[in-house]
Structure formats: structure tokens, C-alpha cells
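The chain contents come next:
2 protein chains.
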Amino acid sequence: MRKIKLIVAYDGTNYCGWQIQPNGITVQEVLNRALTDLLGTETRTVAASRTDSGVHARGNVAVFSTEARMPAERFTFALNTYLPPDIRIQGSEEVPESFHPRFTSTIKTYEYKILCRTIPDPLRRLDYLFCYDRLDVEAMRQALAYLVGEHDFKSFQGAGGEASTHTTVRTIYKAEILKEELEEDTGNQVQDPGGRQREAYTLRIRITGNGFLYNMVRIIAGTLLDIGRGHRPVSDMPQILAAKDRTQAGPTAPAHGLTLLEIRYPEWE
Amino acid sequence: MRKIKLIVAYDGTNYCGWQIQPNGITVQEVLNRALTDLLGTETRTVAASRTDSGVHARGNVAVFSTEARMPAERFTFALNTYLPPDIRIQGSEEVPESFHPRFTSTIKTYEYKILCRTIPDPLRRLDYLFCYDRLDVEAMRQALAYLVGEHDFKSFQGAGGEASTHTTVRTIYKAEILKEELEEDTGNQVQDPGGRQREAYTLRIRITGNGFLYNMVRIIAGTLLDIGRGHRPVSDMPQILAAKDRTQAGPTAPAHGLTLLEIRYPEWE
Chain E
1 MRKIKLIVAY
11 DGTNYCGWQI
21 QPNGITVQEV
31 LNRALTDLLG
41 TETRTVAASR
51 TDSGVHARGN
61 VAVFSTEARM
71 PAERFTFALN
81 TYLPPDIRIQ
91 GSEEVPESFH
101 PRFTSTIKTY
111 EYKILCRTIP
121 DPLRRLDYLF
131 CYDRLDVEAM
141 RQALAYLVGE
151 HDFKSFQGAG
161 GEASTHTTVR
171 TIYKAEILKE
181 ELEEDTGNQV
191 QDPGGRQREA
201 YTLRIRITGN
211 GFLYNMVRII
221 AGTLLDIGRG
231 HRPVSDMPQI
241 LAAKDRTQAG
251 PTAPAHGLTL
261 LEIRYPEWE
Chain P
1 MRKIKLIVAY
11 DGTNYCGWQI
21 QPNGITVQEV
31 LNRALTDLLG
41 TETRTVAASR
51 TDSGVHARGN
61 VAVFSTEARM
71 PAERFTFALN
81 TYLPPDIRIQ
91 GSEEVPESFH
101 PRFTSTIKTY
111 EYKILCRTIP
121 DPLRRLDYLF
131 CYDRLDVEAM
141 RQALAYLVGE
151 HDFKSFQGAG
161 GEASTHTTVR
171 TIYKAEILKE
181 ELEEDTGNQV
191 QDPGGRQREA
201 YTLRIRITGN
211 GFLYNMVRII
221 AGTLLDIGRG
231 HRPVSDMPQI
241 LAAKDRTQAG
251 PTAPAHGLTL
261 LEIRYPEWE
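Just so you know, the protein sequences line up as chains E and P, in that order.
First residue of the first sequence: 1, per this note's numbering; consecutive thereafter.
First residue of the second sequence: 1, per this note's numbering; consecutive thereafter.
Since the hints were made in silico from the structure, they are not lab data.
Careful: at least some of the hints might be erroneous.
[What the hints assert, rightly or not] Incomplete in silico selection of chain P near chain E, CB under 7 Å: (1) A9; (2) Y10; (3) D11; (4) T13; (5) P85; (6) D86; (7) R88; (8) I119; (9) P120; (10) P122; (11) L123; (12) R124; (13) D127.
Even for Gly, the Cβ is constructed at its ideal location relative to N, Cα and C.
Working from the sequences, and respecting the hints, build out all of it.
In C-alpha cells:
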């Protein structure tokens with residue numbers, strides 16, 4: 001038996017998340033079926049991240065075992081012919097039998113995207129959170145900076161999801177907010193009801209860490225939005241962290257703004 | 001009766017184009033229904049551009065007449081509450097009775113988007129043409145430059161569509177190809193089957209002119225792709241233009257890569 005690692009990208013809009021479940025179609029179910037069809041034998045995948053309903057991925061990681069002799073890198077193109085267009089394998093390679101996508105230390109990068117504009121954009125509705133309010137991006141950046149490093153992120157752990165691990169300590173290696181102005185809006189008279197021209201832009205909250213608690217990135221995004229809107233001060237962020245209490249942080253931002261960008265396995269690189 | 005001008009954005013994926021037709025749901029049909037529901041009386045729109053099935057818009061223009069007293073700029077927000085999320089009014093204003101969105105001279109800007117990558121990206125599948133082949137972007141730019149100015153674009157006129165106008169002469173004011181590298185791909189091991197790392201990028205062919213023949217931008221895009229792939233030389237472009245013969249140009253590129261960005265009415269500005 002060989003173990004094959006897949007890099008999986010998907011638009012999560014039409015899926016009830018990664019993990020197979022009785023109430024709706026999931027990415028894992030569709031991928032397992034494609035693999036089973038391709039290989040002619042029942043094949044199952046295990047993923048690094050069991051993303052929630054509506055969350056997207058550019059680089060989730062899934063592994064499966066097979067006796068097929070197909071060269072490992074061929075699985076990318078072969079599987080894509082069996083998958084719907086909202087799921088696309090981005091790469092495939094053989095890994096040692098001991099490799100497990102979840103029980104191996106990882107460096108994950110998530111991105112939460114926000115469209116700041118007077119009016120929603122139909123072409124960005126699936127993977128951006130629409131935000132009408134003006135945001136103080138500098139305040140959001142200052143607040144986010146408090147989270148870099150090793151901390152107990154208990155305040156940013158959502159209820160439910162997987163069984164909680166023994167520790168809520170995680171390390172964030174890098175966290176940034178990328179702002180991009182939308183030049184295409186200049187001609188389209190996007191203005192607020194008072195008639196003033198408003199700057200339109202996207203924000204991408206990008207966070208890299210050694211692990212994330214359930215809903216952690218979405219709760220961080222929700223807290224940063226509270227701060228960006230001026231509903232609470234930047235100085236709340238260290239207090240939220242210190243409180244180790246979910247009720248101190250902001251709301252969980254909607255799933256569709258979140259994309260799992262990349263998972264790295266430093267031990268295997 | 002007042003005349004109201006709307007700026008209409010839509011994701012064309014789920015529509016059979018703009019114009020009402022018996023075989024499927026169209027943007028116009030949904031917009032007319034929203035207006036009728038909002039105003040409580042049968043209301044119909046006339047659009048500047050009757051975009052084809054699958055084509056998107058950021059700034060199509062539609063007008064309607066109404067006796068409602070609502071302030072013109074309020075229609076934007078009011079209508080959006082009646083519309084599905086893949087259609088969003090971007091602005092509304094009152095225009096003189098004599099204003100007609102099609103029989104008034106316009107400056108239109110279209111954009112054709114291409115994703116150049118080894119593997120399709122699920123999050124760009126709806127509004128980018130996926131292109132596996134390496135493209136000579138500089139050759140495409142040189143070829144596109146031949147089209148700027150006043151020319152007879154008969155070679156770039158598709159069969160079908162609306163009744164042909166008396167002339168196929170149009171003026172292109174500006175034409176450019178914007179290239180953007182995709183930094184998020186760096187970690188995702190996107191490589192071609194030979195294992196070489198490949199540059200991933202998007203191209204946006206953006207063309208501004210005083211009018212466009214049926215399928216003109218898509219035929220230009222299809223011709224540029226032929227040239228970018230090296231299937232024909234840059235020097236073919238002036239010959240295609242001179243031939244005034246549709247069979248000399250390249251194929252019509254798929255609809256989903258095309259977005260109508262903006263329509264300006266210089267007489268009314």
C-alpha cells in the first residue's frame with residue numbers, strides 16, 4: 001500500500017463542510033467517490049482540516065492509501081476529471097506510511113476576506129464578507145498584532161466542533177491585514193446615501209500559526225470587525241486574550257469569508 | 001412620469017443573459033419583477049447592453065419610467081432588498097425623458113479575464129477563462145494595439161445576436177492587458193506534469209470603445225489567445241482587420257470570462 005497526499009482546493013459554497021455527514025453533501029464525500037470511481041475500489045480520505053460548511057480552501061490536505069501503481073503526481077490530473085468544477089486537486093505526491101495529515105505538526109495559513117463597499121458586489125458574494133460600515137483598518141492592525149506569538153487562545157475557541165484538545169495554547173507566527181483598493185469602482189458612482197464618493201477596498205486578514213482552535217479565525221475576524229467599526233477599543237484585544245473566556249471576544253464572523261490557504265508540514269519538508 | 005437610470009451589476013452564471021426570453025430566467029426578468037414588486041405596478045426596464053448568457057456585469061445600465069415619488073437615489077437600496085444576491089443595483093439617478101440607454105452615444109468598457117495556471121482554481125471558475133497553455137503576453141499586447149482607433153471591425157462580428165447595424169465601424173479608445181501574478185500559489189506546489197514550477201497569473205484584457213459588435217470582445221479575446229499560444233503571429237492581426245471576414249479571426253472565447261465593466265454617456269456628463 002502506498003500513501004498519497006493531495007492538495008485540495010474548493011469553493012465551499014455548495015457543501016456542508018469537509019466531513020461526511022448525513023444531512024448534506026460534503027467535500028470529503030465527493031472526493032472519496034471520485035477516488036473510488038478512478039481506482040475501481042472503495043477509497044477513503046483523511047484530511048488535515050475538517051472545514052466548516054461554507055468555508056473555502058486553496059490548500060487543504062487529504063491523504064489516502066492505495067495499491068494502484070499510478071505515478072503519485074498523476075493523481076492530480078486524473079482525479080480532476082472525476083470532480084465537479086468547484087473542487088480541484090492542486091497537487092499530489094507520495095508520502096511515507098507514517099505521515100498523518102492531522103497528527104503531524106503543521107503550519108497553517110487562513111485568510112478572512114472582507115469587501116468594504118457601499119453596495120455588495122455580486123462577483124465577490126461567495127468568498128467575501130460584505131461590510132457596509134467604514135472600518136478603521138489601522139486599529140484592526142494594531143489589535144491583530146497582540147495575537148502574534150504563543151498564547152492561550154481560549155477566548156477565541158468556538159463551542160461545538162471537534163472534541164476540544166487538552167490545550168488551547170497556540171502560536172501565531174504571522175498575522176497581517178492586506179488592503180487593496182478597487183480601482184474598477186471609480187466609474188460606477190459608488191457612493192453612500194448622502195451622495196459622497198466612498199473608497200471601496202478589500203481586506204484580507206491573513207493568519208499563519210501552528211494550529212487553530214474551532215472557529216478561531218472567524219472569532220478573531222469578528223472581534224477585529226468590532227474594533228474596526230469603533231464598537232470597542234484596540235486595548236480590548238489583550239484583555240480578551242487574558243480573560244480566556246469566549247464571551248469576551250466578538251461574534252463569529254460568517255463562514256463564507258474564510259479560506260484555508262495553505263498547510264505546511266515542516267517535519268516533512 | 002420620471003425616468004430613472006440604474007447601474008446594474010450581476011454574476012451572469014445562473015442567467016440566460018439579460019434579455020427576457022422563453023427558455024430560461026434572465027437578469028431583465030428578475031429585475032422587472034423586483035421593480036414591479038417594489039412599486040406595486042407593472043414596470044419594465046430597457047438596458048444599454050443585452051449581455052449574452054453567462055456574461056457578467058459590474059455596470060450595465062437600465063432605465064425605467066415611474067410615477068413613484070421615491071427619491072431617485074433611494075431605488076438602489078430599495079431594489080436590492082427585492083433582488084437575489086447575484087444581482088445588485090450599484091446606483092440610481094433621475095435622467096431626462098429623452099435619455100435612452102442604447103440610442104445615446106456611449107463609451108463602454110469590457111474586460112475579459114483569463115486565469116493562466118496549471119490547474120483550475122475553484123474560486124475563480126465563474127468569471128475567469130482557465131488557460132493551461134503558456135501565453136506570450138507581450139505578443140498579445142502587440143496584437144491588441146493594432147485594434148486601437150477607428151476601424152471596420154467586421155472580422156470581429158459574430159453571427160446571430162441583434163439585427164446588425166448599418167455600419168461595422170467602431171472606435172476603440174483604449175485597450176490593455178493587465179497581468180497580475182498570483183502570490184498565493186507559491187506554497188501550493190503548482191507545477192506542470194514535468195515537475196517544473198510554473199508562474200501563475202491572471203490576465204485582464206480591458207477594452208474601451210464607442211460601441212461593440214455582437215461578440216466582438218469575445219472574438220478579440222479568442223484571437224489574442226491564438227496569438228498568445230503561438231498558433232499564429234502578431235502580424236496576423238492587421239490582416240484580420242483588413243479582411244473584414246469573420247472566418248479570418250480566432251474563435252469566440254467562452255462567455256463566462258467576459259464582464260461589462262462600465263458604460264458612460266459623455267453627452268449627459
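(request) Starting from the hint list further up, note which numbers the structure goes against and sort them upward. (result) 4, 12
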